[in-house]
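**Student:** Taken in order, these protein sequences are the chains called B and Z.
Throughout the first sequence, residue numbering follows the numbering used here, covering 1042 to 1226 in sequence.
Throughout the second sequence, residue numbering follows the numbering used here, covering 207 to 369 in sequence.
In case anyone wonders, no lab produced these hints; they're calculated from the structure.
One should not assume that every hint holds.
Stated by the list, open to error - Every beta carbon over 10 angstroms from chain B, so not counted as near; a handful from chain Z, in silico:
#, residue
1, E215
2, I217
3, D221
4, T231
5, G302
6, T304
7, T312
8, R317
9, D318
10, P352
Said to hold, decoys possible - If you anchor each label on the Cβ, the simulated ranges turn out as follows:
#, chain 1, residue 1, chain 2, residue 2, range
11, Z, W245, B, E1217, 25 to 35 angstroms
12, Z, T313, B, A1218, 44 to 54 angstroms
13, Z, D216, B, E1076, 34 to 44 angstroms
14, Z, E219, B, S1051, 51 to 61 angstroms
15, Z, D221, B, S1178, 34 to 44 angstroms
Claimed, not checked - With a straight-line cut-off of 25 angstroms between C-alpha atoms, the simulated DMTMM-like cross-links for lysine to aspartate or glutamate are:
#, chain 1, residue 1, chain 2, residue 2
16, B, K1175, Z, E294
17, B, K1142, Z, E294
18, Z, K310, Z, D324
19, Z, K289, B, D1197
20, B, K1142, Z, D262
21, Z, K289, B, E1198
22, B, K1174, Z, E294
23, B, K1175, Z, D262
24, Z, K308, B, D1088
25, B, K1175, Z, E334
26, Z, K257, B, E1182
27, Z, K310, B, E1150
28, Z, K257, B, E1214
29, Z, K289, B, D1088
30, Z, K257, B, E1215
31, B, K1175, B, E1214
32, Z, K257, B, E1224
33, Z, K289, B, E1150
34, Z, K289, B, E1189
These numbers were taken from a predicted model, which means no experiment stands behind them.
Glycine included, every Cβ here is placed at the ideal spot set by N, Cα and C.
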Amino acid sequence: MTEPVASGGSYDIDEVRRKYVGFETAEARGRYPVEYDPIRRHCHMVDDNNPLFLDPEYARTTTRGAVLCPPSGWLALYFASLGPWPAVFEPLFPIVPTPGKRIVNMSQEVEWTSRIRVGDHLSVRRRIADVFKKAVSLDPEAVWIVAEATVTNQRDETVCVIRNTMLTHRTPEEQEAGARSQEPV
Amino acid sequence: MNRRRPYWEDIAEGDEIEGFSLDITSRRLALQVSGSQDWYPVHFDPAFARKAGHPDVFVNTGFLQAALVRVITDWMGDEGFLKRLRFEMRRQQRPGDTMVCKGKVTTRYERDGETLVDLDVWAENEREGVTTPGTATVILPRRPQPKYARGKGRIDGLTVVCY
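Model the full assembly from the supplied sequences, consistent with the hints where possible.
**Tutor:** Here you go:
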């Protein structure tokens, strides 16, 4: 599914939609279980000192019984597929051909059905829910991709579903080059 | 030892959630890369960001989500459960900004046996106003009902008998 649909400067959004909307990736499993230290680094980037996410002794005194992963879809995806090593950069835009390779996330929705504890082992399946063109100030030919990720634990229970909308765009240089290539010789 | 636990009954629509602020400094951007493991250069390399047409680097989705989650989890305590969070990256938080994150209770209701609270949560700064609006739904525990022992006693001058 990685062959380019766009070629020769043309981009057929209808063909891309027909070919890629509904496409599902194979299930990916995190290399490591959910661990303390990535949670600590994640919390510390925003000065989150919640002991339920950081302190095993404290967590044992609570009804949760163990350190929890903060309910961040980003962190769930990290443990399910991306990190910590080797880094597997598998964003969706190389799967969906787009005129530009720069990306900006526009929105994210996460629905949680259970908590994630240290020691859980997460997996993820992704599905491309939608692809469409919508102009933005960065690029009038921006292509938007809506992707859904379902994260499960080692008991095959769904822990969350993440719906992410991102746009892909060209740099100003690429837009100028594209405009020049369209000029009559 | 559990931290503050607001019960569902304690919450009123319109309640404000205090939140916190973070200065977006180069140190904070380094923490962002470490904490999110997002190595896409638009979030730390100004030349890369400018080549794409952005005025400067800007913080990533993982950072913003972590901040909004902190607003919610600090407020709901250990017994709360974040059921849903949706947020939009409408404007950017860039170096030099002070990002303020906070929230507000919009609705308190019961559905399918769950005691729920809907929130508005957001990040803002002085330069752009609200940059990252969001909504969330949280399950909060009910206040435990008092348990009465069998026997006879007096409450407010009345004799009460529990069988």
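**Student:** Quickly compare the C-alpha distance for Z:K289 and B:E1198 to 25 angstroms and report which way the hint goes.
**Tutor:** holds (16 angstroms)
**Student:** Is B:K1175 within 25 angstroms of Z:E294, Cα to Cα?
**Tutor:** holds (16 angstroms)
**Student:** Is the claim that Z:E215 lies outside the interface with chain B correct, judged by CB distances over 10 angstroms?
**Tutor:** holds (19 angstroms)
**Student:** Between the beta carbons of Z:T313 and B:A1218, is the distance compatible with 44 to 54 angstroms?
**Tutor:** holds (50 angstroms)
**Student:** Decide, holds or violated, for the assertion that all CB atoms of chain B are farther than 10 angstroms from the CB of Z:T312.
**Tutor:** holds (17 angstroms)
**Student:** Sort out whether B:D1088 lies within 25 angstroms of Z:K289, counting only the CA atoms.
**Tutor:** holds (23 angstroms)
**Student:** Beyond 10 angstroms from every Cβ of chain B: is that where the Cβ of Z:P352 lies?
**Tutor:** holds (20 angstroms)
**Student:** Just double-check Z:D221 for me: nearest Cβ-Cβ distance to chain B has to come out over 10 angstroms.
**Tutor:** Holds, since 20 angstroms exceeds 10 angstroms.
**Student:** Beyond 10 angstroms from chain B, beta-carbon-wise, is Z:G302?
**Tutor:** holds (18 angstroms)
**Student:** Could you grab the alpha-carbon distance between Z:K289 and B:D1197 and see if it respects the 25 angstroms cut-off?
**Tutor:** Answer holds: Z:K289 to B:D1197 is near 19 angstroms, not above 25 angstroms.
**Student:** May I ask you to test the hint 34 to 44 angstroms on the CB atoms belonging to Z:D221 and B:S1178?
**Tutor:** holds (37 angstroms)
**Student:** Taking C-beta pairs only, is Z:D318 more than 10 angstroms away from all of chain B?
**Tutor:** holds (13 angstroms)
Going down the numbered hints, you'll see the structure goes against none, and every one checks out.
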